[in-house]
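K.L.:
Next come the chains, spelled out residue by residue.
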Amino acid sequence: MAKKLPLKVKNIPDKDFLFRNFNLKLIIKLRGYSAHEVPINAFRDEKGHGMSTAWEKYCSAKKLRRLSKAPKFNGVIKMNVGNIRKIPVLLVIHKPTMRNYGHSLIKGFPDNRAEKLKLRSRLKDLSEWVIPLNMTLVKSHFNI
Amino acid sequence: MTETVKKSFDFNNILLEIERINPHCTREESIKLIGSHITDIYYTKVNEFGLKDKLDRFARKKLLLQRGRQAKKAQVLTDSKIKKDEMITEYKGIKSILTGYSKTYAYNNVYYDTRNIDKFNDSDSSDFMINGESVNLLEDKDDFIQASFKLKSEEDLKNIDRETKNSSSLIKEDFKLDDQTVVFEGLETEPLFPLEDEDFSLIDNFDEMSFFNNKQYQTLKNEIYNSREHILSLGENWDGEGSKAFNIEVWRFATEFLIKLFYKFNDIYSLNLEVPSILPVGDLSIDIHWKTEEMELTINFPEEFLNLPSFYGKDNKNNEIQGILEIDKIHTVIFPWLKNFR
Numbered sequence: 001m002a003k004k005l006p007l008k009v010k011n012i013p014d015k016d017f018l019f020r021n022f023n024l025k026l027i028i029k030l031r032g033y034s035a036h037e038v039p040i041n042a043f044r045d046e047k048g049h050g051m052s053t054a055w056e057k058y059c060s061a062k063k064l065r066r067l068s069k070a071p072k073f074n075g076v077i078k079m080n081v082g083n084i085r086k087i088p089v090l091l092v093i094h095k096p097t098m099r100n101y102g103h104s105l106i107k108g109f110p111d112n113r114a115e116k117l118k119l120r121s122r123l124k125d126l127s128e129w130v131i132p133l134n135m136t137l138v139k140s141h142f143n144i
Numbered sequence: 001m002t003e004t005v006k007k008s009f010d011f012n013n014i015l016l017e018i019e020r021i022n023p024h025c026t027r028e029e030s031i032k033l034i035g036s037h038i039t040d041i042y043y044t045k046v047n048e049f050g051l052k053d054k055l056d057r058f059a060r061k062k063l064l065l066q067r068g069r070q071a072k073k074a075q076v077l078t079d080s081k082i083k084k085d086e087m088i089t090e091y092k093g094i095k096s097i098l099t100g101y102s103k104t105y106a107y108n109n110v111y112y113d114t115r116n117i118d119k120f121n122d123s124d125s126s127d128f129m130i131n132g133e134s135v136n137l138l139e140d141k142d143d144f145i146q147a148s149f150k151l152k153s154e155e156d157l158k159n160i161d162r163e164t165k166n167s168s169s170l171i172k173e174d175f176k177l178d179d180q181t182v183v184f185e186g187l188e189t190e191p192l193f194p195l196e197d198e199d200f201s202l203i204d205n206f207d208e209m210s211f212f213n214n215k216q217y218q219t220l221k222n223e224i225y226n227s228r229e230h231i232l233s234l235g236e237n238w239d240g241e242g243s244k245a246f247n248i249e250v251w252r253f254a255t256e257f258l259i260k261l262f263y264k265f266n267d268i269y270s271l272n273l274e275v276p277s278i279l280p281v282g283d284l285s286i287d288i289h290w291k292t293e294e295m296e297l298t299i300n301f302p303e304e305f306l307n308l309p310s311f312y313g314k315d316n317k318n319n320e321i322q323g324i325l326e327i328d329k330i331h332t333v334i335f336p337w338l339k340n341f342r
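Protein sequence lines, in the order shown, are assigned to chains S and R. Just so we're aligned, residue 1 is where the first sequence starts under the numbering used here, counting upward by one. Just so we're aligned, residue 1 is where the second sequence starts under the numbering used here, counting upward by one.
If you are wondering where the hints come from, they were derived from the structure by calculation, not from laboratory data. It cannot be assumed that every hint is accurate.
[What the hints assert, rightly or not] In silico EDC-like links for lysine to aspartate or glutamate, alpha-carbon gap of 20 Å or less:
1. S:Lys25 - R:Asp328
2. R:Lys260 - R:Asp328
3. S:Lys69 - R:Glu241
4. S:Lys69 - R:Asp85
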């Protein structure tokens, strides 16, 4: 039986971007948001393992969307790696998988719930939509 | 002497001379004879000066030069073809961006009745339904969004495309989207799902609070109705990845808290609070989220700690508040904060 070789882990430079899938079903009427802003509920520490993202060098936004279980209900947002690393507690790690070599994790979400909220708010500020290009598209998704 | 030499090389004179010497020889025979002599002399001289080799070398050199020229020409042709292909690819990219933008803008100008959104469907053929017609967000192979949908007015889309093409810059950052606040036209205030008794009483009690001015009251009521429909629509496996359904009790707890907050704020300051957004979060908690130009404040209600919500707020001047407080005490911290921005 062929032995599975470990995938090579690379260092993600600060100038690169990370994509993240965001389920559009979570979008509801957003008061005070401009068209290009990402809502605060787009970020969460999944099962405490870090937030799943994809390195743009190896995975396009469209590919990432296609990799999700329900592509048609997923939007994609992007974040600059340098900006994420400016938040002291966060780490950006390349964690390739056989399915997606660009798979990366944002780690370091604090256990304190208030701190977690703060982090979500900061991540929201440095993110922008890729698919769809702005929030007005999303309004047609729900009865709002 | 010169004239004699000239005469001797005159072909007609030579022929006449030959005919004179050989009167029985015809003109044709004379010409053949001269021809054979000239050929003999030519070959003799060619062999004598080694002209054959020289001519071969010249021919070879000429051939090499010709090949070199052809190779250069071919290189230029290939380069131009590659350049042309690149330009075509670039053009296609720009075109797809423009199409994406024009259609994005088209969304802003067109009203959709989206009440009848299709339930979750695994088929890749459509993204969701608008006006009973499927909408594909990504039909094209490009990485950019390709929204394909039927507009109410095709002419609108053409105009937008034309305007976008005429734009001086093709860089997407140059498009000014900042001033486009999200406007939800055709707001449906009636709930899609029947309210349970408990929710009726919740909102009926709220109805009795006549001190709210009508507009603010109506907005909050709509927000609560809409968020309820939304939370209920997120049933088992709402994300297609096996997630649990949202717990309506969490929503009920959060909205009850919100109504009490409104009441208390009005009671203390005689002012109405801004209506927040009620957002479901992927970890099945509920956010109550205020966002204005000056500040933002989020209160998060997790399923496990309903009585101990966490909150975080920040303003334009980098002032922050955050913490975890009992639900009965949280207003002592957030009211002064919210009052500053009224």
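K.L.:
None of the hints should be skipped; say for each whether it holds.
P.N.:
Do the hints match the structure? See the list:
At most 20 Å may separate the alpha-carbon atoms for a hinted pair to count; S:Lys25 and R:Asp328 exceed this at roughly 32 Å. With a CA separation close to 10 Å, the supplied pair R:Lys260 and R:Asp328 stays within the 20 Å bound. With a C-alpha separation of about 6 Å, the suggested pairing of S:Lys69 with R:Glu241 holds against the 20 Å cut-off. For the hint pairing S:Lys69 with R:Asp85, the CA-to-CA distance comes to about 36 Å; that exceeds 20 Å, so the pair is violated.
In terms of the numbered hints stated before, the structure departs from hints 1 and 4, listed from lowest to highest.
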